[in-house]
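**Student:** Here are the chains, one letter per residue:
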Amino acid sequence: MDFLRPLTWAEALEMKAERPDATPIQGGTDVMVEINLDKGRPTALLDLAAVAELAEWTRDNGTVRLGAGVSYTRLIAELAGDLPGLAQASRTVGSPQIRNRGTVAGNLGAASPAGDSHPPLLATGAEVEAESVRGSRMIAITDFYRGVKRNALEPDELIRAVRIPVATGPQYFSKIGTRNAMVIAVSSFAIAFDGRRVGTGIGSAAPTPRRAPEAEAFLESALDWSGPLDADVARRFGELVRDAAAPIDDVRGTRDYRLHSLAVMARRTLTWAWEDHLRCA
Amino acid sequence: MRVTVTVNGEERIADDVWEGESLLYVLRERLGLPGAKNACEQGECGSCTVYLDGVPVCACLVAAGQAESRTVVTVEGLASDEGLHPVQQAFVECGAVQCGFCTPGLIVQTHALLAASEGVPSDLEIREALAGNLCRCTGYEKILDAVRQAAGRADG
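Residue numbers (the working numbering), protein chains in the order written: chain A, 1 to 281; chain B, 1 to 156.
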């Protein structure tokens, strides 16, 4: 195994071009587990932790550009106002020690369907900024997930940043697990209001994280945006979210439980978001 | 490969480090610092918690090469010539130690909690801070007592 240690972003891109087989490592909270438990042995590790540019975030024109090296701890402390849904999801990641190391970009690199970042990224229409020595490109979040633990990155590409719209309305995240801390989601769900547009994200209930487009379209047409939330609308929304999922039975939960819990989480998060909407309207 | 890292205030050199090796392995097996414990090797239990550049992390999830030229403080680095650190003393006095395997991680994580807290943290804050440190013996009550006692001392 080789250990590659770039000190600048340009150097990192050159190393990845030379060694497309190298596995990027930032916080190590996924990569080191694989190595420690001998589930896979990379031919090379590309350590991005010393690349200072990645540890920064900026806000520009209503979008946060979240550097690939910004930890969950910093996101929670510094960006909870701009990105409330993603901050909520970040608070449910692992433990303090894990949040001190783990990153949203690492979640994207691993592309596990259960990753906690994915539902809010889908609900807010985030974009992934991928770069190689050939240039930079933006990948819409809906095009990024390609299968279980597979993403749209080319072998010579690295994630530079994630671009997430600053919240303009209520956002909520909900996650089912056996306890509060150190839990990989049995299922998870995020909702985001942007004006009268509704975004959704489903986690851990299909081969990839995914939106629920029919549920979004239904809400946008069924909500009257002024009065109390119609219980039938909320229930139907939950059903449509559930119908957008395609879960399996596995060690963490059954298909049936995942479907049921999604319908409940969708209804609940909508209810919370609606209360905020009425309060702010 | 060679890894040079400052541990508990002293520059240490580890040679023949395998590239996939963890910081935890380097500390325990190459530098003779067995305080941080090796239990789950997947960041679930917190018994290997150490400071990396002042931030508490699971040493099992830090690749050894990532610690190059950085600063690590382990549980061995908390006591002084005058004796145990107040957090360690509180664990002893409150009976917060049974088998002791989780204790070093809990000590470091509690140390970090109290360093970051203004005043005495609430029970909710303590529970959140220690959520990534598993103990299979104590049922946690004595550990919470120890944290409260240490926090009281730090305050007074």
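Don't read these hints as lab results, they were simulated from the structure.
Here the structure is a predicted model, which is why all the values come from computation and not from measurement.
Just so it is clear, CB atoms sit at the ideal spot from N, CA and C, and this is done for glycine as well.
Hints should not be assumed to be uniformly reliable.
[As the list claims (entries may be wrong)] Covered stretches of chain A, going by a simulated chain B footprint (3 or more residues, C-beta under 8 Å):
(1) 28-34
(2) 255-264
[Said to hold, decoys possible] Covered by chain B, according to a simulated footprint, are these stretches of chain A (three or more residues, beta-carbon under 8 Å):
(3) 2-9
(4) 175-186
(5) 192-201
**Student:** Run the structure past the numbered hints and jot down the numbers of the failing ones, going up.
**Tutor:** Result: hints 2 and 5 break, sorted rising.
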